[in-house]
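All chains, please: the whole structure from these sequences, using the hints.
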Amino acid sequence: MNRFPLIALTLSLAAAATLPSVAEAKATITIKNNDGPNEGFNDTTAVTPVGGNAGTTLGQQRLNVFKAAADVWSNLLNSNVEIVIRANFDPLTCSATSATLGAAGPTVYVAGFPNAPLADTWYPIALGDKLAGQHLSATTAESISARFNSSIDTGCFTGVKWYYGLDGNAGTNIDLLIVLLHEFGHGLGFVGGTDPGSGAFLGQTTDANGNVTAPGHPSIWDSFMLDRTSGLHWTQMTDATRAASSTSGHLVWDGPWVRSAAPGILHSGPVMTLDSPSAVARQTLSQIADFSGPVPVSGFSATVVVVNDPPDASGMVGHFGCSAPTNSASLAGRIALIDRSGCNFTVKVKNAQTAGAVGAIVADNIDEGLPNTMGGTDSTITIPAFSVMRDYGALLEAQLPGSVSATMRTVIRAGSDDAGNLYVFTPTTVSQGSSIYHFDISAVPDLLMEPFINSDLSHGVDLTIDQLKDIGWAIGDPAPPITGRHSLKRH
Amino acid sequence: MKLISSLIPVALLFAATTLFGDSTDCPATAESVSRTADSSANAAIAAVPAAAVPGAASAGTASPASTSPEARSITTDQILERLFGRRSDDRVTSGTAGSKLLDLQGRFSMVSIIVRKPDGTIGHFCVDNIDAARKLLAGPASPAAVPLAAPAPLQ
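Chains as they are written, first to last, in numbering that gives the first Met the number 0: chain U, 0 to 490; chain A, 0 to 154.
Hints may be right or wrong, so weigh each one.
Short derived list, chain U residues pointing at chain A, Cβ under 10 Å [stated by the list, open to error]:
id, residue
1, 96
2, 102
3, 111
4, 146
5, 156
6, 198
7, 199
8, 201
9, 205
10, 208
11, 371
12, 449
Quick caveat, the hints were computed from the structure, so don't treat them as lab data.
Using N, Cα and C, we set each Cβ at its ideal position, and we do this for glycine too.
Structure representation (structure tokens):
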């Protein structure tokens with residue numbers, strides 16, 4: 000049974016019961032500078048104002064961006080309880096090839112508070128405070144913690160520094176405002192406490208033998224996590240089934256605010272569905288090549304066959320498709336699966352087309368999230384060409400040479416299912432990171448709360464605000480729906 | 000110089016352990032965490048000498064401090080452990096108005112990381128577990144082996 004109506008009813012009743020007699024005020028979000036003298040936000044290094052940030056010291060500019068991010072959220076949320084963000088700008092990990100940018104999240108989860116819409120359910124404390132109309136922690140008013148890396152400004156990640164402007168003109172630098180909007184989104188509630196790896200609820204305790212001594216509680220997030228295969232929400236599942244669904248490709252967010260707003264945000268985009276074998280059936284995430292042939296909305300399905308290269312000097316058979324495949328006969332009328340690397344993308348796809356393939360899928364060869372769009376020009380290519388993440392390519396190849404069927408199609412609203420629910424990110428392995436607590440990367444346009452923070456984002460919050468409304472930020476709102484979502488732009 | 004270099008990892012481990020703390024630094028209950036104490040703890044982290052952090056240098060300087068791979072490994076791990084923390088450190092306590100609180104003891108559910116990909120582009124990831132963070136910070140996985148006969152990768 001879909002539990003959504005029950006949740007919606009519960010929340011609606013709670014909203015009616017707790018609607019303040021005086022409408023809630025716009026949320027006050029305060030940045031608490033937690034840095035010491037002459038470092039972080041207090042760094043006195045002189046700098047030139049940039050992109051609408053009038054700060055004249057490094058510390059001032061950092062703080063101004065934090066305040067700007069807080070202002071965006073403040074203008075979109077209502078609460079009569081101050082939200083305090085404990086903020087640090089510290090030296091963290093940084094090298095020429097990788098760096099920790101920072102993090103933000105709730106300091107505390109709360110349950111069982113006055114006006115709680117759902118019993119025995121964890122809420123991020125900023126939301127809990129809002130719903131209760133008071134600070135729920137007697138010891139701290141800090142509801143969100145944020146720590147970001149000051150070392151980035153030294154140029155340790157070669158050629159890239161923080162951009163402290165507020166105008167979106169970050170160029171090749173990192174737009175701190177976008178990163179903060181994303182991370183503050185986590186702090187406000189775009190996150191849950193349930194462990195996607197084990198499926199254990201937050202607060203679960205075990206004894207020395209690993210036996211559960213207290214089961215913990217679901218987070219409000221879990222109430223909107225619908226497994227499309229079982230039809231169950233995470234709140235209705237066991238630890239084991241929750242963990243399994245974390246990598247299933249079938250988890251969607253079915254909150255009413257997000258579903259209502261999604262049609263106004265999402266555009267059409269390419270999707271590849273792995274249809275069979277049923278054990279691994281899932282929607283996969285894809286990028287359409289610049290040179291791709293048209294992808295019909297109705298889509299087409301075909302068997303997937305990996306291309307075989309001529310044996311190299313050692314007798315090794317690769318699957319790079321840089322020359323005429325040796326298995327052309329079996330590729331005719333099929334979707335060709337090709338490994339990345341070795342030659343231009345156009346060469347790979349053209350070779351597959353010449354062999355008779357009706358579609359081409361290029362599997363990435365590194366773990367980089369969604370691959371960059373395959374570039375190149377070849378007007379003679381007429382078949383659809385998608386690239387997919389490395390783990391999806393591996394998933395496909397693991398099924399071969401058995402019978403594998405896939406569908407390539409254009410969906411009207413990429414990132415949502417046919418019912419209008421938003422896919423959440425469920426990579427094939429939790430260890431890849433980012434599982435569950437992000438929107439899926441198949442969304443078009445890119446969304447703020449995708450796991451791979453994309454350079455084409457503007458300073459908008461798109462569907463993030465609607466997700467926050469779903470978990471309870473809408474309760475007590477004087478005039479939903481919200482305005483000021485800030486439209487997205489793509490560069 | 001060699002002796003000094005060999006001591007850096009030990010010194011960093013000591014510093015990291017001291018500054019980031021272990022379970023002994025965690026309060027017995029969340030409610031015992033005073034704002035002052037919490038601020039002090041964070042100030043201590045903020046006070047990590049720039050030279051003790053891989054790649055970190057004083058603001059305004061052009062080149063990062065040189066750090067041995069061993070020191071980087073230790074420091075990176077300590078920082079990640081501090082950021083992600085441990086679920087076992089979570090404490091459930093009583094809040095006001097009959098509420099129940101679960102203090103995350105400063106741990107984050109998500110950490111944002113950037114990496115330079117083999118093709119030179121930059122990937123920006125928000126990850127939710129320490130293993131994924133370690134993997135990313137260690138560098139992208141090696142591309143799949145290219146057959147000997149294949150030409151040099153162009154894309």
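Verification of the hints:
1. The closest approach between the C-beta of residue 96(U) and any C-beta of chain A is roughly 5 Å, which is under the 10 Å cut-off, so the hint is satisfied.
2. Satisfaction of the interface hint for residue 102(U) is found here, the shortest Cβ-Cβ separation to chain A being roughly 4 Å, below the 10 Å cut-off.
3. Interface hint at residue 111(U): satisfied, since its Cβ lies 5 Å from the closest Cβ of chain A, which is below the 10 Å cut-off.
4. For residue 146(U), the interface hint holds, since its Cβ comes within 10 Å of a Cβ in chain A; the closest pair sits about 7 Å apart.
5. Residue-level restraint check for residue 156(U) holds (minimum Cβ-Cβ distance to chain A is 7 Å; threshold 10 Å).
6. For residue 198(U), the shortest C-beta to C-beta distance to chain A is roughly 13 Å, which exceeds 10 Å, and the interface hint is violated.
7. Because the beta carbon of residue 199(U) sits about 8 Å from the nearest beta carbon in chain A, less than 10 Å, this interface hint is met.
8. With a cut of 10 Å, the hint placing residue 201(U) at the interface with chain A holds, because the nearest CB-to-CB distance is about 6 Å.
9. A cut of 10 Å between beta carbons decides the hint on residue 205(U): the least distance to chain A is about 9 Å, and the hint holds.
10. The beta carbon of residue 208(U) is not positioned within 10 Å of any beta carbon in chain A (closest approach about 15 Å), and the interface hint is therefore violated.
11. At a threshold of 10 Å, the smallest CB-CB gap from residue 371(U) to chain A is about 6 Å, leaving the interface hint in force.
12. Annotation: interface hint on residue 449(U) holds; nearest CB of chain A at approximately 8 Å, less than 10 Å.
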